[in-house]
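Chains as they are written, first to last, in my numbering: chain D, 1 to 330; chain E, 1 to 269; chain B, 1 to 247; chain U, 1 to 394.
Calculated directly from the structure, the hints in this document are not laboratory data.
Predicted model, so just to flag it, every value in this text is computed and none were measured.
Honestly, I wouldn't trust all of these hints.
[Said to hold, decoys possible] Rough simulated footprint, nothing fancy, chain B against chain D, three-plus residues with beta-carbon under 8 Å:
#, region
1, 10-22
2, 63-69
3, 188-202
[To be verified] Residues from chain D shown here face chain U by an in silico Cβ test under 8 Å; the list is partial:
#, residue
4, Phe42
5, Glu46
6, Gly90
7, Pro93
8, Phe139
9, Ser151
Virtual Cβ for every residue (Gly too), placed ideally from N, Cα, C.
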Amino acid sequence: MDYMEDKMKAVNYNPRLRLHLFIVLVVSALISIFFGGYFTRFFIAEIAILSIFAMSLDFLAARGGLVSLGHAMFLGIGAYSTTIFILNLGISPFIATILSLLIGCFIGLLISYFIVVLNGIFFIMVTLALGEMFHAWVFTSELLGGSDGISGIIRPDISFMGIDMNDPFIFAIYSLLWMSLIYFILSRITDSPLGRNLDALRQNHMRLSAIGGYAKVYKIIAFTISSGVASIAGSLYVQLNGFISPELTHWTVSGEGLIMIIVGGIGSISGAILGASVVYILQHELSNFISWWMLIVGLLFILVVLFMQDGLWGLIEKLRLRLLKGKNKI
Amino acid sequence: MTLFLLSAGLTIIFGLMKIVNLAHGSLYMIGAYIGLSIWTISTSFWLALILAPLFTALIGYLLYQVLFRHIQIADPMRQVLLTFGLIYIGLDSVRLFWGTMSHSISAPNILSNSIIVLGESYPSYRLFVIFIGILIAALLYIFLEKTKIGAKVRASVDDPEMAKLLRIDTDKILIYMFALGCGLAGLAGITVAPILGVEPGMDMEVLVLTLIVVVVGGPGSLKGALIGSLLIGFVDSYGKVYIPEIAQIIIYAVMAVTLLLKPNGLYGR
Amino acid sequence: MILELKKLSKSFGSIKVLKNINLKIDNNECVGIIGPNGAGKSTLFNVIAGHLKHDIGDVIYKNININNKSNEQRARFGIVQSFQKNSMFPEMTVLESIMLAISHRLNITFQLFTNLNSNIRILNEAFEIIKNIGLDKYSNSRSDALSYGLQRQLEIGIAIACSPTLLLLDEPTAGMSPLETKNIIRLIKNLSKNYTIVIVEHDMEVIYNLAHRIYVLDRGKIIFNGESEEIKNSKLVQDKYLGIENV
Amino acid sequence: MISFLFRYFKLLITLPFLFCVANANDKNIIKIGTLLPYSGVYTVLGEEITNAMKLAFEEQEDIFDKKIEVIRGDTEVKPNIALQKARKLISSDKVDILVGPVSSSVALAIRDVVVQTKTPLIIPNAGANVLTREKCSKFITRISFSNHQINAPMGTWMANQGIKTAFLLAPDYAAGKEMMSAFRDNFEAGGGSILGEEYTPFRKTKDFGPYLARIKNSGAEALYVFYAGGEAINFIKQAHSFGLGDIMKITGAGWTTSPLFLPAQKDAALGFIGSLNYVPSIDSVENNNFKKAYIDKYDRVPSEFAVQGYDTGKVIIEAVKSLSGDISNKEKLASAINNISVTGPRGPLTIDKKSNNVIQNIYIFEVVSGDNIPELKILDTIQAVKDPGSGCNL
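Isolated chain D, as found in the complex:
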């Protein structure tokens, strides 16, 4: 059985549109933060953090061609390590985020060394199993608060700079800053020789090795970067919510992340942000009105998978092309 031929489809590589979409999204977020209330600001911060997670999945799926159903594990690693750093070791939360990034990268490196040789569906399954393993462990670990999780985690204290992180306005901006930083880093990597090679790897790994590409090494790097980014998301999430519970590491979280990127358009980075926003807002709004929102969300997912191959990104690109054409005619 040859799963080698399963190739992931990604959206067209288009750095300009990616940047434009990103600017629009950030501007929208900023408007919401300025004019929205307490809840809106929290909501935006949450979306920003989820976007970081979605971007990490997107990077992995589109660049390395690796679909991970266990990525929530890194969310959890980031979250729990931050918690331990803050509560048990008294490290300042900002440094804790950086440290959890390093831990995430390190564990990602270790794991990827063993699993990147697997292809297609086996990779999905193994990541799923690893993620569940981590979930099960966290769920029963007394040190990590077990099923109840840990609460009472503080945010970065930078009051000496006259800024109060506990103000949701500030924290929303802080999350957006992280999101933008990660967006720029990931875009940069995507455009770099390595990023292009990762894209090539997804498209045709035989050919890539024939011209001298170290397929396995690239995959390991992609996985490591991606897990580090996911850890940052986890670390920020803990600081936003002030608590951590094992639910965060369940495999369905990874599944929802994948849905976000497929809705936004795989491989476009800013599409991941768009997808995260749309899916999250949709879920939130729907569950306020009807109790069987899952049915509707499920149906929408299926429709997107079936009829919108490139997600919202594809839609935007089509729209843009049409507008450009219209312009040229005049």
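Once you have looked at the hints, place chains E, B and U on chain D.
Using the frame of chain D, we list chains E, B and U on its own:
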């Protein structure tokens, strides 16, 4: 043994169609619920046992016609997500139709006592479940290995293009095999209902376990599903009891080791 | 001498595909390998490129034994192949594919934060190569949107962008129209001024046109080797191969 | 750049204004926000609590010309979602009182935001001990139970019955462990000893066969067990088919044979002895009225979850009454809630000032056969049980 029924169905779908069906657990749950309804209306367990799998197979048939037909050639990611959407739908439709209460089905009277096996009393219904598992395994074996249709099926698995050249109607075979796989999930659902009950959320509980069995056994291999389910089932039940410290992790560890040693599963091609 | 194969054998299971192959390729030579279907030509290519591991014998490249070097490492030494089936990077444009290949030669694939697309040096070089392979009109088309013949040209383009010392071309004109074939022959002729090339080819016209020397492979054995004129006149080869082919 | 922004104009305007919907604040409406699961596996508990609470509100038409409005927030049993919903209810809907949640992990997740925003929270189910101990607050009142409160009396009671040895079995998560240790402490203090214990993977154990074999061989006089939901049904049925009841007494936390699960467990549950803060067979005016009303409206026997919801409603009404309808000061409202004592279907309830946890009767019951579905017969009533938590004088 339930695990085998489930995995056999999934492995057929998995190996034959290369579809990653995360909704397999949902079909199992729906099978159990349909069985519950039939049992409540007719009060006959045997009728439920026969009809529930048929209905589930029918649902599978419809799903294939409406959805899976279109994503058969898609990349695994899309399949994963489509079936992920199906999980959502399955969960909510069960809730809308049957409510949120936990239900239970009584085993028929003949099977409600205990039997003494090797000096230990053992519920006879459990023996019945094992019997069904063996029966299905034998039937599937005969069907796939000894009959003409089975040969065609195997041909479609091994080399779809060649099979098409030999004028085997692979599309038709795929539909029926998909329905069969779903029917087996339904059968598993109704068979275990008297032991494990019928409740929302039962889909997720078996899904991961089933996927692991299929991956360990090797996708597309019936023998793999059988050995895999025995191995995982055994490790799962006894591991929990005798080494509780790592009970949660042990089956994943088994899977990881298997895949490191044999990347295509025990009996993978 | 750039490449030497010594007593090379390879079998798949019980089938011996290559038997005791001895082969030498000199610098700046263009060598053709011909033989009937199933003679082991592609396997020989894959063994040289490192996709497959041979069982017995040695592969010596620039006087170094590279038996244990992987595909990637050989590519980095300069042994670059183009494939029999078109296999490029379907979603990349011609320009992107070429730039990607150049990035490998320059050994910058581990740079994370430089922008490949705006590297002027690579860009210029890529345009140069695109011009060489005659794809200048298509530099911004996606690879999978090109016609079959153009894809073959791109395939060669990717290979030469790695600036190989030894270029392995696997049936570069297979499935092409006569016009496209002419283009490719011209292209390879140009290349053969600068590179050492090994071609596997069915079309005898192409081989006679390009190759200085020809090896004839039959059932995993080299049954003949010599100048193209010699081959034309060789009774053995005529019977074995050309006779059947030219009916 | 401007033309490009214009292109995405639609996107730009829809995103931010989705949230900017301002809520008119009507002073004559008391807004109750629920944080309960309305989807996912615990939906049934969320529904029971909400239904019964609404029943309590319906009985009391309006209080000082105020109407009560219930705004549902679906937690999906996910702490992060619940937290988000809590923020929405507090800041967008401006609810006066929050009711919820069902599970302890969710309660711990929303605890900080509730305390920070000074919104009174009434917990109608979640049992984690810390909620009314280390993590207690004057804004958090638990009307249901703490895990300790239900299980500890059973330890003493069983030791008093002359049972010397017991085996513990519970799911491997925080609540399961809290319950077992509460039982163990009192059981051992009463002279009993624990012969063995097993914690099964939470919500992943379907087949109890191997455990049952081990329990059978342990030689203990009694099994003390806690399960809920499908696990409870499966465990009871499997224990019955393995004939465990013939060898030892099966006892446990009362949820294991909750009226919610009895229709599925049927006769397999007979003989089970458990402790709980409510059983439907309590014979009092309040309970009989409540039972009748509940069955009339929802066509099923109320469970302890329903009663907790109903009492929550009662407490809210009494608190509002005691403030003469002026609930604008949340601190006053919170302390009013903590000063309430009512007599509900489960008996007299007061709030323990030391922990803000309810003081209530605990009923020891046995499952006996009933008309169609087994019934819970009260064996003993332990009056006014407190959670030992103290020091919450915030």
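These are the hints, each one checked on the structure:
no.	hint	verdict
1	10-22	holds (count 4)
2	63-69	violated (count 0)
3	188-202	holds (count 11)
4	Phe42	5 Å, holds
5	Glu46	6 Å, holds
6	Gly90	19 Å, violated
7	Pro93	15 Å, violated
8	Phe139	7 Å, holds
9	Ser151	5 Å, holds
Hints 2, 6 and 7 from the list above are not met by this structure, while the remaining hints are.
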